[in-house]
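K.L.:
Could you build all of it, start to finish, from the sequences and the hints given here?
Protein chains: 2
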Amino acid sequence: MKLQPPLLTSLRGYDRQAFSDDLTAGIITAILLVPQGMAYALLAGLPAETGLYASIIPPAVYAVFGTSRTLAVGPVAVAALMVADALSRFAGADPQQWITGASILAAEVGVILAVGGALRLGRLVNLIGHPVLSGFTSAAAALIMLSQVGHLLGVDAPRGDAVTMITGLYTHIGAVSTSTTVTSVLAIAALVLARRPLQRLLTGLGASPNAAALASRTAPLAVVIAASLAMAALAGNGGAPVRVVGDIPAGLPAPGLDFLASAGWAELAPSAVLIALIGYVESVTVAKVLGGRRRERVDANQELLALGAANFGSALVGTMPAAGGFSRSVVNFDAGARTQVAALITAGLVGVVAAFFTGWFAFLPKAVLAAIIVVAIWQLIDFRGAIETTRYDRGDGATLIATVAGVLGFGLEPGLVAGIALSLFLYVWRSSRPHMAVIGRIPGTEHFRNVERHEVVCDPRRVLLRIDENIYFANAEPVRDFVLAALDRHPDAEAAVLVMSSVSYIDSSGLEMLEALHADLQAQSVALHLAEVKGPVADRLAQTHLWHGLPESHHHLSVAAAVDALGGDGGNETTAAATRRRIHGPDRPAG
Amino acid sequence: MKLQPPLLTSLRGYDRQAFSDDLTAGIITAILLVPQGMAYALLAGLPAETGLYASIIPPAVYAVFGTSRTLAVGPVAVAALMVADALSRFAGADPQQWITGASILAAEVGVILAVGGALRLGRLVNLIGHPVLSGFTSAAAALIMLSQVGHLLGVDAPRGDAVTMITGLYTHIGAVSTSTTVTSVLAIAALVLARRPLQRLLTGLGASPNAAALASRTAPLAVVIAASLAMAALAGNGGAPVRVVGDIPAGLPAPGLDFLASAGWAELAPSAVLIALIGYVESVTVAKVLGGRRRERVDANQELLALGAANFGSALVGTMPAAGGFSRSVVNFDAGARTQVAALITAGLVGVVAAFFTGWFAFLPKAVLAAIIVVAIWQLIDFRGAIETTRYDRGDGATLIATVAGVLGFGLEPGLVAGIALSLFLYVWRSSRPHMAVIGRIPGTEHFRNVERHEVVCDPRRVLLRIDENIYFANAEPVRDFVLAALDRHPDAEAAVLVMSSVSYIDSSGLEMLEALHADLQAQSVALHLAEVKGPVADRLAQTHLWHGLPESHHHLSVAAAVDALGGDGGNETTAAATRRRIHGPDRPAG
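Those protein sequence lines, which keep their order, are chains Y and E. Under the numbering used here, the first residue of the first sequence is numbered 34, with each subsequent residue one higher. Under the numbering used here, the first residue of the second sequence is numbered 34, with each subsequent residue one higher.
Warning: the hint list may mix true and false statements.
Have a look at the derived ranges for each label pair, beta carbon to beta carbon [stated by the list, open to error]:
(1) Y:D521 to E:A263: 37 to 45 angstroms
(2) Y:A240 to E:P569: 46 to 54 angstroms
(3) Y:G600 to E:A593: 27 to 35 angstroms
(4) Y:W411 to E:E479: 34 to 42 angstroms
Note that these hints are calculated values from the structure, not bench results. All C-beta atoms in this analysis are idealised placements derived from N, C-alpha and C, irrespective of residue type, glycine included.
P.N.:
The structure is reproduced here in structure tokens:
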């Protein structure tokens, strides 16, 4: 960990104006976080107050150790669903066991992230590509919305995979509560109208854009308070007409270490790995987007340590894993947060609510929290991105669709793992068919280009072959096949020049292939030449039999130097068209 | 499948001399194959005659459809051990069940290979890199040798993983049979002496090298016949003093389809996939090595079909999966085989032995077959290759060692799968830290090189950054971090030029990163330029927001053109040393 917490660096030159900005942003983010925190706790299957606790301790810890000045750490929707998924297998119907399990998960996430930071393994998260993350997020969002339909309609629908939830809702369709549905529709309408429409209306009425945005952002809390008050009034005569959150114990979270001695660490560990991965990727992605806007750098390994500490903080107070939330961080940034002080203010305000104002939420309808979730989560389903990804790269599109199908069909964790495995496999599979080209000289220049794309001249006595990929186990044999096939078409070739300008790495399978190719060429009385071998590649090849088996005169710094050394352009040139005919045969057009 | 079997192509212009050469090679290979076939059948846990059958039908089928003229198909040691491993879990102690299981495996291997050929999936085998194959072969050879120690010493040691076999041998150490051990030592000595020492002796005595090699190659059959005769003589008075193979039913293999209706197809399928993979890789590797010596091409997809058909032939006659053997094929090639006719002659001769001469082997000691296996397999353990691989590439060395440890500790199949998975992961992990360089102009030229390696000049107003790797999910963020870090060191930069000469592929994660980087640079008032984008990459980028968001004037064909467009060398040049100081800070030497 850095000797000096990043918070202290941020506070150099901190002044009254900066504090004023942080205060505004901290208040606005807290207003958003109170209802969101309770909603995500319910999504995770935990009591509402744990969502508040997860909005106090983790952001405060992150504020001290994190490198992003504006990341808003706390409960996040996708991780909450992953927690619910893991705990439903682990804890069954025992509420206390759910809280214990959440603490264990948070502690494990903390340890995994912190150890990853200490070992500087931040790069590991790069193994989740954009299509996997996008597909996973969209599918998780769909599952989250499905899981809230029961709350919105006031029925007890089972939770689980997509099919279970849909069939469960179908069988309960007769039990729909009209009062709950009306509440839900009103809440959703209020939340949706409070976004763009309210902002447009207020600015149209002459409000400043900032004031309009502020009004818009207080909407979830306003809806929560209004609904609670309304329900409390209606409940005057024995019981609320819809299901409500109920009594939330007031008070600050109390640290406890009981979870350390609880059983289930091994059972929950695989889920913790995936929650840590997803939480970290989401956090760092947001932190980088926001950092990029203000030339602030995010240190990936320090982020691992900071988020690890934040999650260990979650475990200590008996709540769920936390991460940086996308929309919440953007709100914090847009509200003018300058430093981590804004997050400390947010945490303090949520703490005040937890200590003194939870009584206000006893009559809060669960349907309203579900409405907050649905409205917040809807935008995570990224149809357009999926279409654009597929259009740009069919393999990436296939990965995205497979991840979505895996999550919806087999669950969050199997879908995520399958998506990651598929993306690794597809990359290797793609590079196992490397781009290679026979090249020739652009007349009158020192430039050499692909005969298939340019009108170059070639000399059939020497074949110039450019390999546009690292040479390693997955493509070593295709490279050899390509070279030998090209030489089959040039029976009068005396030399084959491999142009290595795009080769940054040759593994031992690639080396072995080159040695075998060298032997093949010797048997055919064709001399092997190498051109434009990069420094790091040459450094390693210099220790090999291959390198020592090639005379010094067969190594060339440039293609032009190789052609000069091989006798220059001696009047044997032929056109690109003739070479293409050699390659494809006389009866096929150039590909 | 090719319309015309490759055999017919080979027979164009076939003449008496070619037949004479094929006849000699066919006889020599048959002499080698008879004892080897029986030995590998015992290694697979099957009756000796099935080894002969696997030496008749599969090579005959391969001869018709295969593209290699000299590949000697039949039972191979590593696949035999994999069969034994799979069948020991499947068939328990029931000998008939072992034969049924072997047929199912052979049929499944045949189907897998043929389907792979029809779908043109030959490239899939490239996923087994050299370190995995080398480690797997060495470890399998060690297991094979361990499995034969019991036969060599005449004790009933259990088979299984390395620890089971070693502890089993240790507990049976008191039961060692002296007569068996003496037989084994004599057989091993004869087999070893018949190699180099006998050849040297004979050529020293004036024999031609060919005659000496022939004498050397008949040694295994000579040892088998001599041992059988000696044991038959010793056995005159009731029973042989060592364990013998016993009666081998004489006759040609009879086709049967009972295995089609037997249970176990699903259970054996995963093993069949791995046996198919290993058998195919070994076959094609040998075929390519031999083909390279005579300018003959091997068609990977046709090989899949031919080996698939050969294995289905194995299944039909109730024997084990077959593949091209390395040492046997080299013997066939060195003995002068010109075409697949040599393999047909070999198959015919083994057929004659199976039909009429199996009685000769009733008194063949099992210890002699074990000696043949041990002497043949010893050379598969490749210590030197492992050391050279590790020296060349530590990652490949780690993969090799992990594969060996996996096979010895957890078994053949888990070890192989772990090795393949580790090699895929390590490749992606390596490319997730791509080589990137700040480059500058070599004074007075159009060449631009790494500031770390060359005395180039740079202009701090424009940073030239070369990315030496495809940009994809695993390295997209490191590329962005590198570019932003370089710009942090050049606060007066007005333009960043990404040199894409080594980038052959940008996936959708890479594209998204470049779009985010573009936004980062815009926020910092730095113009993004691209240079030397390859044709295929440009074709795909042309449809993207990124491409359209960059003015035409920000795309450059070469680095020199980019520098010219950005105002040329306007007198702001600084030295490579100064740039290195910017990158590393004043207090650190250049890396």
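K.L.:
Are the hints correct? Go through all of them and say.
P.N.:
Results of checking the hints against the structure:
1. For D521 of chain Y and A263 of chain E, the Cβ-Cβ distance of about 54 angstroms falls outside the hinted range of 37 to 45 angstroms, so the restraint is violated.
2. In this structure the supplied range 46 to 54 angstroms holds for A240 of chain Y paired with P569 of chain E, their Cβ-Cβ distance being about 52 angstroms.
3. A hinted range of 27 to 35 angstroms holds for the C-beta pair G600 of chain Y and A593 of chain E, which are about 28 angstroms apart.
4. For the pair W411 of chain Y and E479 of chain E, the beta carbons lie near 54 angstroms from each other, so the given range of 34 to 42 angstroms is not met.
This entry does not satisfy hints 1 and 4, going by the numbered hints stated previously.
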